[in-house]
Each structure stands twice: as C-alpha cells, then as structure tokens.
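Those protein sequences? They're chains A and B, same order as listed.
The first sequence begins at 1 in full-length UniProt numbering and counts up one residue at a time.
The second sequence begins at 1 in full-length UniProt numbering and counts up one residue at a time.
In case anyone wonders, no lab produced these hints; they're calculated from the structure.
A virtual CB, placed ideally from N, CA and C, is assigned to each residue, including glycine.
Hints may be right or wrong, so weigh each one.
Claimed, not checked - Chain B stretches covered by chain A per the calculated footprint, using a threshold of three residues with CB under 8 angstroms from any CB of chain A:
| hint | stretch |
| --- | --- |
| 1 | 1 to 15 |
| 2 | 24 to 37 |
| 3 | 55 to 61 |
Claimed, not checked - Here are the computed lysine to any residue pairs in the SDA-like style, where the Cα-Cα straight-line distance is at most 25 angstroms:
| hint | chain 1 | residue 1 | chain 2 | residue 2 |
| --- | --- | --- | --- | --- |
| 4 | B | K35 | A | T242 |
| 5 | A | K266 | B | K68 |
| 6 | A | K391 | B | K35 |
| 7 | A | K391 | A | E422 |
| 8 | A | K286 | B | D4 |
| 9 | B | K7 | A | I274 |
| 10 | A | K387 | B | E51 |
| 11 | A | K271 | B | T36 |
| 12 | A | K181 | A | K271 |
| 13 | B | K68 | A | M297 |
| 14 | A | K271 | B | Y53 |
| 15 | A | K391 | A | S68 |
| 16 | B | K35 | A | K42 |
| 17 | B | K35 | A | C260 |
| 18 | A | K286 | B | L54 |
| 19 | A | K314 | A | K286 |
| 20 | A | K266 | B | V40 |
| 21 | A | K42 | A | A513 |
| 22 | A | K387 | B | K35 |
| 23 | A | K286 | B | F39 |
| 24 | A | K271 | B | E20 |
| 25 | B | K35 | A | E257 |
| 26 | A | K148 | B | S56 |
| 27 | A | K314 | A | G353 |
| 28 | B | K7 | A | K42 |
| 29 | A | K484 | A | K148 |
| 30 | B | K35 | A | A258 |
| 31 | B | K68 | A | G211 |
| 32 | A | K217 | A | L327 |
| 33 | B | K35 | A | Q268 |
| 34 | A | K42 | A | R639 |
| 35 | A | K271 | A | D250 |
| 36 | B | K68 | A | E493 |
Said to hold, decoys possible - If you anchor each label on the Cβ, the simulated ranges turn out as follows:
| hint | chain 1 | residue 1 | chain 2 | residue 2 | range |
| --- | --- | --- | --- | --- | --- |
| 37 | B | S16 | A | A457 | 55 to 61 angstroms |
| 38 | A | I551 | B | D48 | 43 to 49 angstroms |
| 39 | B | E64 | A | L558 | 40 to 46 angstroms |
| 40 | A | I472 | B | S16 | 35 to 41 angstroms |
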Amino acid sequence: MREGYLIALAGNQNSGKTTLFNCLTGSNQHVGNFPGVTVEKKEGRIRAHKDAVVVDLPGIYSLSPYTSEEVVTRDFVLKEHPDVILNIVDATNIERNLYLSLQLMELGIPMVMALNMMDEVRASGNVIHVDVLSEHLGIPVIPISAGKNEGIADLIDQLMKTAQGGKMPAKMDFCSGEVHKAIHSIAHIIEDQAKEAGYPTRFAATKLVEGDEPMEKALRLTDNQCHIIEHVVQEMEANLQTDREAALADMRYTYIEAVCQDCVVKHQETKEQIRSEQIDRVLTHKYAGIPIFLLVMLLIFWLTFSVLGAPLQKLLESGISWFSGWLSSSLSQAHVSEWLQSLLINGVCAGVGSVLSFLPIIVLLFFFLSLLEDSGYMARVAFVMDKLLRKIGLSGRSFVPMLIGFGCSVPAIMATRTLSSERDRKMTIILTPFMSCSAKLPIYGMITAAFFPRHGALVMIGLYVLGILVAIGSGFLLKSTAFKGNPVPFVMELPAYRLPTVKSVLLHMWEKAKDFIHRAFTIIFIASIAIWFLQSMDWSLNMVTDSADSILASIGSLIAPIFTPLGFSDWRASTALITGLTAKETVVSTLTVLTGAANDLQLSTALGAIFPTPASALAFLTFTILYMPCVAAFAATKREMGSWKEALLTALYQTAAAYGVAVLVFFVARVLM
Amino acid sequence: MTLDSLKPGQGGIIVSVGGEGALRRRLLDMGLTPKTRVFVRKVAPMGDPIELYLRSYVLTIRREDAAKIEIREELGK
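Whenever a hint applies, use it, and build me the whole structure from the sequences.
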C-alpha cells in the first residue's frame, strides 16, 4: 500500500487541464515520461495536502486502443489504481468532453468532475445545472474556472473527501436496448477472467463489444468464448443495422445528449466562441492566413535572435568569460597543476559556457511558443499548413517545430513535446536538424569567403534548400520504412482563442530552462571534458603544446580516408568535424587553430590546401550542415526520444544521410565546375 | 452525398461514417456520429483541410477523410 493519495488528472486537450494542474500543484512539479513511450508524465503534490500526488495524464478524447496517449492513460488507471480520477471537463464544450467522462467512469475508480470555464458559461448567459448533472452521472461535480483560480478550494475538499471515502461512481447504465443486452451478456461470460486480470468487468465487456484487440489478448479468452462473444456482437449489429464501433459511440452520445437536455440551458455561443470566429476571419483567411503566419514567425525570430536574445546572450557570455578569467587567476595563484587548470578553463568553462550562452535564446523561444500554444493559434497554424507536410507523412502540427529548427535545433526538438502523436514527434525530431541552424552561419561564411567569394549568397540559399530537400526525402523514406503504417489521423479541434495565463507561460519557460541547464551540466559537461581530453593529451597522456600531436588529431587522421569520396582527406578537416559535435561553430575555430592562420586571408589560403577543389569544399560544407547535430541537440533528442538507442540511431541516420548527399554534391559539383 | 462536397456555410446531417481503424474510431469519438448536425465553416488557404462546426465546437479534418462521411444535406444555418 502506498502512503497518501494518488489522483489521476484526465481530460480532453484544450480543456484547461495544464492550467488546473498548475493551480493544484504550483511549481511543485516533476516532469518525466511514462515508461517505454515518449508520452510526457507530470507529477506534483497538492499545495495544501502534501500527501496527495496528482499525475497529469495526456490530453485525450477517448480510451481507444489506437494512440499511445490513450493506451498510457488506460494502463495507468488500471495498473496504478489511483484513489480518485479527477476528470476535467470544458463546460463550454460539454457534449464532446463528457464522451471521455463516460468511458473513465467504467474504469471502476472513484471519480470527481471539475467543470471548467464556468465563468465563460455564466458570462454568456448560459446555465449548467451542476446538481442535475451530478445526479445524472452519479459522481460529484464541482464548477471551477482554473484560469481565474475559482472553485479550486472546493475542488480540493471534494477530492480529499472522495479519496478518503472511496465511493465508486453510482453504477449507471449509459446504454439501452441492443447495446445494453450485448454488454451484459458478455459481462456475464467474462466476469471471472476480468477479475483475474484485474479489469473492471463492465469496462472489459464494453471494450470487447467495441472489438478492442488489447483487451481480447489481456483476458486470455478461450476460443469458445471468443466465438460466443462474436456471435452476441454480430446479433447486436444486425438488430441495430450498424457496426460495433459506431453503435457504442452512438450510444454514448445519445446518452450525453439526453443528459445535456436536462441540465444545460444554452441560449447562444459563449463570447469566447464568437470572438474566436471573428479572429479566425483574419488569421485563417484564404489569402491573408499564410502571410500573417509567416509574419508572426518572422517577428518571433527577430525578437528572439536580434532584439532581446542577442544582448542577453552577450551579457551571459561576458558573465561566463568573467567567471572563467576569475577562475583562471585564482587557480594559478593557488598553484593548481597546469592540466587541471586547462581542464577547468578550456574544457569545462569553454564547453559548458558556449552551450549555456544559448539559454536566453531557448527561454525566449519557449516564451513565444507557449504564447502560440496556449492562445490556440498553434492549432490554426496546423490547419493552415497541414497540406504542405501531409505528403511526407506528417501533419501541420510539425510545422512550427521545424521552422524553429532554422534558429536552433535544441528548442525545436524540445518543442515537439506538444505534438499529439508519438509517431509524429519522433519523425519531427529526426527531420528538424536538417533545417540549417544559426550556429552554422560562421561555417558558411568561412567556406564561401575562401572558395565562392562572388556567389556566397547563392551557395548559402542553395544549402538551405538542400537541407529542406533532404528533410523531405527523409520524410518519404521514413514514412515507408521505420514509420510505416497508418499515421495518426488529422482530426483536430480548433479551440477557442484564450489569453494565456502568466503563470502557465512562466512555468513552461522555467521547466524548459531547468531541463536545458540540467543537460548542460550533465551530458554536455561530460562531452566537453571528453573533447578537451582528446584535444589536449597525447597517447602517453602528456599535455601537448601543438594540437597536431593530440589524440584527437590522430583520430582525425585515422578517419580522414573515410572522406576521400567527398574530395578531401586532410586530417584537419576530419578533426574539425569531430570538435564540431560540441557546437557546430567550433568547426571554424578548430580549422583556424589547426591551420595556424592569423587572419581571414591566411585561413582562406590554408583552406585551399585542405580542400583541393571548390567541389570538395562544397561537399565538406554539405556534410557539416547535415551530419548529426551538436551534443546539446543530441541530448535533447535523447531526452525526447526517451532512449539512448533511438537517439543513437537518429544520429547515425543523420550522419549517413549527410555522407550520401555530400558524395552526391561532390560528384555533381565536379562535373559542373 | 459526402461531407467534402459541402461549401462553406452549408450544413448537413450525418448518415454514416466510413473509413476504418484509427481514423474511423477517431471520427466517431470526436462526435461525428450518425444523426449529428454538422456545418462546414471554412476551407484552409491551400484548399485543404476543412473546418467543421458540430456539437458547439470547431473541428478540422482533411478532405479525403470528409469524403468518407455520408450526409443528408440541410440548407442554411
């Protein structure tokens, strides 16, 4: 037995679930994944009742076996046996929200319903008779308005009462006629097996009528039982002249319509719904919709990277360099050994510092992203851009994360968290780094200055387009191999526009910043030390004075021949590609150091020696922008994919694709140039 | 006739929902069940997907999926 209470928070997307969760728990949250899937799991303790843990389950519309989010929810409730299910329902959209409630009630767990957005219902002159609703459903219903923090205290009281009392939903039959008959005769047949497998009989029977395969397997039915069940269901289908899935959906909605008839008095749409329709006349306008979206994104990029981000980044950089200088002088005063000084200054401070300086950009991007998401605009973007991404097996939802990829892959990969299907999330994570990020700009600058001084812009645009083409090609490839099978259908709600709450936006930013800082001091910290070690030591573990003698240089020489098909085999190029893993712009500094160039002109001349032809320089540039992203982005990939194996496979795929495309570019360029 | 053939502003009553597996279940779960009244509100700038209004909320689905929903036309709003 666990101590304290476990509360499972379940509800539709856009029902205000996250806002309610934040209301209940404050900043007292822990974010992780459900085991085995990349579905986010948030946990927190109720502020006034530290013994009550709330788990925020994914936003879902049903308990079908088709999406990992729905399966996770159902497994969590059935296996963890929470003391209470807290079901949040959007009162302005009550019919569709109650559809999930009816399914949750079958799970045989005490349940409390939080009827959210009641302020909007009241403001528009509509009425919901909460007591009548509660009586119909047989569970306590508490009207709240999570955005305004109304009704939360009542809700917590009720949750505690229900958790202590353990009162089940008053057994209600939502079904009538043929469906009723079928569910009850099947319940009778499987009762023992359901108990043995730990499922509520009623839930198991309903799922069997629906033709739910996981349930069929879990109950270990005999052939004979399967046969009888099939017969019962077929008889129901014949009598209703419809199929099993439609029959059950219809039964639930029919019941809901009857309940709403009794307790909902709706004169008109809410103000928010009317306002949303008006806003959409502009934002999803036939001609203005796409330009407005592009302007919004441009504004976000401009604010993030130039207006606000750049000064903050400069400030942080000077802070880090001040710290590093202070550390350096204190270390030499204390006569700390030279290698340790170098490790701390050139390894840790330089490595972690360069990654940490991206923090303002990431926090700012997430500030804007949560505004887009919480206001409801993100769903409109998906609506407007869906057609473009559909061909590569994704939906419009992936568009914004991919676009963010042109700024920085790290927040782009982290932003995939809001995608509603696991498959889309993973595919987007793999494709996003092909969008050329801002850290690659110095590399463009270096190579074009040396080899294509008059066609710099053309080469740059060409490579941006190439990155997009590789992403599209990869989309086609992944769609028909690793991500074969039906994509999650694009059937998406367009929620009413709402003002994001300050609390939600701040919590979201804080959570992402914390996540990034955590990674900077773990995986990025270790990677920085490793690269420093390879760069500063020779094989007999003595510090080197000339970096050409380092372990890294010899590894560079060792792998150099791999790049012969790309037209270059100089060890300095391959070494730069290795150090580029810490941060892509490091490629430039490594090449500068290794060639001993004192200025840009010398660097250009030296690069001429490393890359014998412009074609090989172009192949190098192609490989550099496409191969696996920097360690910070890799760490984000690992975090979002949830497994080392999948993150490594992703990196391997990206590097292989980069290699193949670079060989091709070299070949074509040699013919043309 | 099918749902994708309606123009913005037109509505109808669902007769049957086709498709299979995850798609069909999702359509039903979102409330596109037989006898439900549904309106087409808008078409996305690139001509697809379409925006629907049903059960007092707004839903978007793709044309190819809307083509699997059989409806009875009902004029006006």
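Going through the hints against the structure:
1. For the stretch 1 to 15 of chain B, the stated coverage by chain A is violated: 0 residues have a C-beta nearer than 8 angstroms to a C-beta of that chain, whereas at least 3 were required.
2. Coverage of the stretch 24 to 37 of chain B by chain A holds [criterion: at least 3 residues with CB-CB distance below 8 angstroms; count 12].
3. As drawn, the stretch 55 to 61 of chain B meets chain A at 7 residues by the rule of a beta-carbon pair under 8 angstroms; at three or more, the given contact holds.
4. Simply put, B:K35 and A:T242 have alpha-carbon atoms about 13 angstroms apart, close enough for the 25 angstroms limit, and the pair holds.
5. As the CA atoms of A:K266 and B:K68 are separated by approximately 31 angstroms, the hinted pair breaks the 25 angstroms bound.
6. The straight-line distance between the Cα atoms of A:K391 and B:K35 is roughly 33 angstroms, outside the 25 angstroms bound, and the hint therefore fails.
7. Taking the CA atoms of A:K391 and A:E422, the gap is near 18 angstroms; set against the 25 angstroms cutoff, the hint holds.
8. Taking the CA atoms of A:K286 and B:D4, the gap is about 18 angstroms. The hint holds against a cut of 25 angstroms.
9. Between the alpha carbons of B:K7 and A:I274 the distance comes to roughly 21 angstroms, so the proposed pair stays at or under 25 angstroms and holds.
10. For the suggested pair A:K387 and B:E51, the alpha carbons sit about 14 angstroms apart, so the restraint of at most 25 angstroms is met.
11. Only pairs whose Cα atoms come within 25 angstroms are accepted, and A:K271 paired with B:T36 is accepted, the gap being roughly 24 angstroms.
12. Straight-line distance between C-alpha atoms of A:K181 and A:K271 comes to about 43 angstroms, which puts the hinted pair past the 25 angstroms bound.
13. At most 25 angstroms may separate the alpha-carbon atoms for a hinted pair to count; B:K68 and A:M297 exceed this at roughly 35 angstroms.
14. With a CA separation close to 16 angstroms, the supplied pair A:K271 and B:Y53 stays within the 25 angstroms bound.
15. A threshold of 25 angstroms between alpha carbons decides the hint, and for A:K391 with A:S68 the separation of about 23 angstroms falls inside it, so the pair holds.
16. With a C-alpha separation of about 39 angstroms, the suggested pairing of B:K35 with A:K42 is violated against the 25 angstroms cut-off.
17. Proximity of B:K35 to A:C260 is assessed by CA-CA distance (about 16 angstroms); at most 25 angstroms being required, the pair is judged to hold.
18. For the proposed pair A:K286 and B:L54, the alpha carbon gap of about 22 angstroms is at most 25 angstroms, so the pair holds.
19. At most 25 angstroms may separate the alpha-carbon atoms for a hinted pair to count; A:K314 and A:K286 exceed this at roughly 41 angstroms.
20. Between A:K266 and B:V40 the alpha-carbon distance is near 21 angstroms, which keeps this suggested pair within the 25 angstroms criterion.
21. In summary, the hint linking A:K42 to A:A513 is supported, as the alpha carbons are separated by about 16 angstroms, within the 25 angstroms threshold.
22. Pair hint A:K387 plus B:K35 does not hold up; C-alpha atoms about 29 angstroms apart against a cutoff of 25 angstroms.
23. For the hint pairing A:K286 with B:F39, the CA-to-CA distance comes to about 18 angstroms; that is within 25 angstroms, so the pair holds.
24. For a cut-off of 25 angstroms, the pair hint linking A:K271 to B:E20 is broken: about 37 angstroms separates their Cα positions.
25. Taken as a hint, the B:K35 and A:E257 pair is honoured in the structure, with Cα atoms around 12 angstroms apart against an allowance of 25 angstroms.
26. Taking the CA atoms of A:K148 and B:S56, the gap is near 23 angstroms; set against the 25 angstroms cutoff, the hint holds.
27. Restraint check for A:K314 and A:G353: satisfied, since their Cα atoms lie roughly 12 angstroms apart, inside the 25 angstroms limit.
28. Proposed proximity of B:K7 and A:K42 is contradicted: the alpha carbons are some 43 angstroms apart, above 25 angstroms.
29. At roughly 44 angstroms between alpha-carbon atoms, A:K484 and A:K148 are farther apart than 25 angstroms, so this suggested pair is violated.
30. Restraint check: the Cα-Cα separation between B:K35 and A:A258 comes to about 14 angstroms, which is no more than 25 angstroms; the hinted pair holds.
31. With a C-alpha separation of about 21 angstroms, the suggested pairing of B:K68 with A:G211 holds against the 25 angstroms cut-off.
32. For the proposed pair A:K217 and A:L327, the alpha carbon gap of about 62 angstroms is over 25 angstroms, so the pair is violated.
33. For the hint pairing B:K35 with A:Q268, the CA-to-CA distance comes to about 22 angstroms; that is within 25 angstroms, so the pair holds.
34. At roughly 15 angstroms between alpha-carbon atoms, A:K42 and A:R639 fall within 25 angstroms of each other, so this suggested pair holds.
35. Taking the CA atoms of A:K271 and A:D250, the gap is near 30 angstroms; set against the 25 angstroms cutoff, the hint is violated.
36. Using a Cα cut-off of 25 angstroms, the hinted pair B:K68 and A:E493 holds, with the two alpha carbons roughly 19 angstroms apart.
37. The hinted window of 55 to 61 angstroms between B:S16 and A:A457 holds, with their beta carbons roughly 56 angstroms apart.
38. A C-beta distance of roughly 56 angstroms is found between A:I551 and B:D48, which places it outside the suggested range of 43 to 49 angstroms.
39. Restraint check, B:E64 to A:L558: a C-beta distance of roughly 52 angstroms breaks the suggested window 40 to 46 angstroms.
40. Here the CB-CB span from A:I472 to B:S16 is close to 37 angstroms, well matched to the stated 35 to 41 angstroms.
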